[in-house]
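Visitor: Chains A and D, in that order, give the protein sequences. Going left to right, the first sequence walks through residues 1 to 169 as the working numbering numbers them. Going left to right, the second sequence walks through residues 170 to 360 as the working numbering numbers them.
These are calculated hints, taken from the structure and not from any lab test. Honestly, I wouldn't trust all of these hints.
[As the list claims (entries may be wrong)] Derived Cβ-Cβ restraints for the label pairs, each shown as a range:
id, chain 1, residue 1, chain 2, residue 2, range
1, A, Pro86, D, Arg237, 49 to 57 Å
2, A, Gln91, D, Arg307, 51 to 59 Å
3, A, Asp27, D, Arg264, 23 to 31 Å
4, D, Ala238, A, Gly19, 51 to 59 Å
[Stated by the list, open to error] Partial list, derived from the structure: chain D residues whose beta carbon lies under 8 Å from chain A:
id, residue
5, Ala198
6, Arg200
7, Tyr203
8, Arg208
9, Ala215
10, Arg216
11, Asp225
12, Leu228
13, Tyr232
14, Leu236
15, Arg297
16, Arg298
17, Leu301
18, Ala306
19, Gly323
20, Leu355
Keep in mind the model is a prediction, meaning the values are calculated, not measured. All residues carry an ideal CB built from backbone N, CA and C; glycine is no exception.
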Amino acid sequence: MIGDQCPRESDILEAIAFGRWPDGCRDLAAHAAACEMCADIVEVALALHDDREALCRAAQPPSVGMVWWRATIRARAEAARTATKPISVLQAIAGACIVGAAAGLLTVVWQSMHWMDRLGELAVQLESRRADIATASTFATGHGLPILIAVAAGLVLAPLALYITLADD
Amino acid sequence: MRDVALSALDQLGSAATDSEAAFQMDEEAFRTFYERTARPVWAYLARMSGNARLADDLLQETYYRFLRANVAHESDAHRRNYLFRIATNIVRDHRRRPRIDAPCVADGHDGVDRMDPQSADAAGGAVRRLDLARSMARLKPRERDLLWLAYAQGSSHKEIAETLGLKTASVKLLLFRARRRLARLLREGVR
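Let the sequences and hints guide you as you build the complete structure.
Guide: Rendered as structure tokens:
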């Protein structure tokens, strides 16, 4: 039946493993010549056993000191990466907060500028102290873009400065 | 901010120290274990990957994963089987990766069979080993693993099952088929 073992299989494997095959076990060799299953076992086990012996003889594995040292370095690097993860997460959260605050501030500035425009229009309608208010409104509208750029630049640079400071530490 | 950075540095330092403590054995115990197992594991990796240089890298990876694995071993044999299990998984992972480098393994001209001076002077032995390499290359990876563990490494069916993640009952049948196939290829003298 497929997968069945010959009762002498373990004896043959032992003889091959201990280098007694075939001279040290003539009866087993005779059995293997007659038994199809054992013939396969001998063919395969002898080839693999000899191959392993040759490979082990020729093997030049890295020295134990090198393997240990590399493992230690790698473990340290991994530990450092793990330890810095929370810091990176905190930095990302801080950055997101700053961006959110910046967006909020920009909205407020934008709305206040509209409010100033409306104030100017009201002033025009009322025609009281027209010249002064119109001048103020023109100033705000005319200088709005530079102010916006300055605020935006500050908001972009602030998290960068924060990051660089932490990285230097 | 400086306090935060200093505490982060402290954390880094302690993590580095912990990394050594995280190894499952100290250097002395590892030295003994490595001296006993490195050559057989290297031979296994070299034959399964078919590449001697690659076997060096895989060996390093095998021992690293072994050291990092926090597993209690009942016995030395268990520890050794566990090491072979890691090695098997590493070779499997390597096989799944797309090949961008690498001399191919399949024809047996892989560097593994040209480096043994003792077999070189015994021409018959060298030819047999080359035949074996070619025949093994014709087998499925799992068949190669099974045959090596059973007949080169001398592992029991139970140990093979643990190493390869198979049922013990399946090992017998799979081993029978793999053995028959390899025996036929060796007799035919695959070229």
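Visitor: Does each hint fit the structure? Answer for all of them.
Guide: Each hint tested on the structure:
1. A:Pro86 <-> D:Arg237: 49 to 57 Å: About 21 Å separates the Cβ atoms of Pro86 of chain A and Arg237 of chain D, which means 49 to 57 Å is violated.
2. A:Gln91 <-> D:Arg307: 51 to 59 Å: 55 Å, holds
3. A:Asp27 <-> D:Arg264: 23 to 31 Å: 42 Å, violated
4. D:Ala238 <-> A:Gly19: 51 to 59 Å: Once the Cβ atoms are compared, 35 Å apart, the range 51 to 59 Å for Gly19 of chain A and Ala238 of chain D is violated.
5. Ala198: 11 Å, violated
6. Arg200: Arg200 of chain D check passes; min Cβ-Cβ to chain A is 5 Å, inside 8 Å.
7. Tyr203: 4 Å, holds
8. Arg208: At about 4 Å, which falls below the 8 Å cut-off, the nearest Cβ of chain A leaves the hint on Arg208 of chain D intact, so it holds.
9. Ala215: 6 Å, holds
10. Arg216: Cβ of Arg216 of chain D sits 6 Å from chain A, so the hint holds.
11. Asp225: 6 Å, holds
12. Leu228: 6 Å, holds
13. Tyr232: Since the shortest Cβ distance to chain A is 5 Å, the answer is holds.
14. Leu236: 5 Å, holds
15. Arg297: At about 6 Å, which falls below the 8 Å cut-off, the nearest Cβ of chain A leaves the hint on Arg297 of chain D intact, so it holds.
16. Arg298: For Arg298 of chain D, the interface hint holds, since the closest Cβ of chain A sits about 6 Å away, which is under 8 Å.
17. Leu301: Where the cut-off is 8 Å and the nearest Cβ of chain A is about 5 Å from Leu301 of chain D, the hint holds.
18. Ala306: 13 Å, violated
19. Gly323: 6 Å, holds
20. Leu355: Constraint on Leu355 of chain D satisfied, holds at 5 Å.
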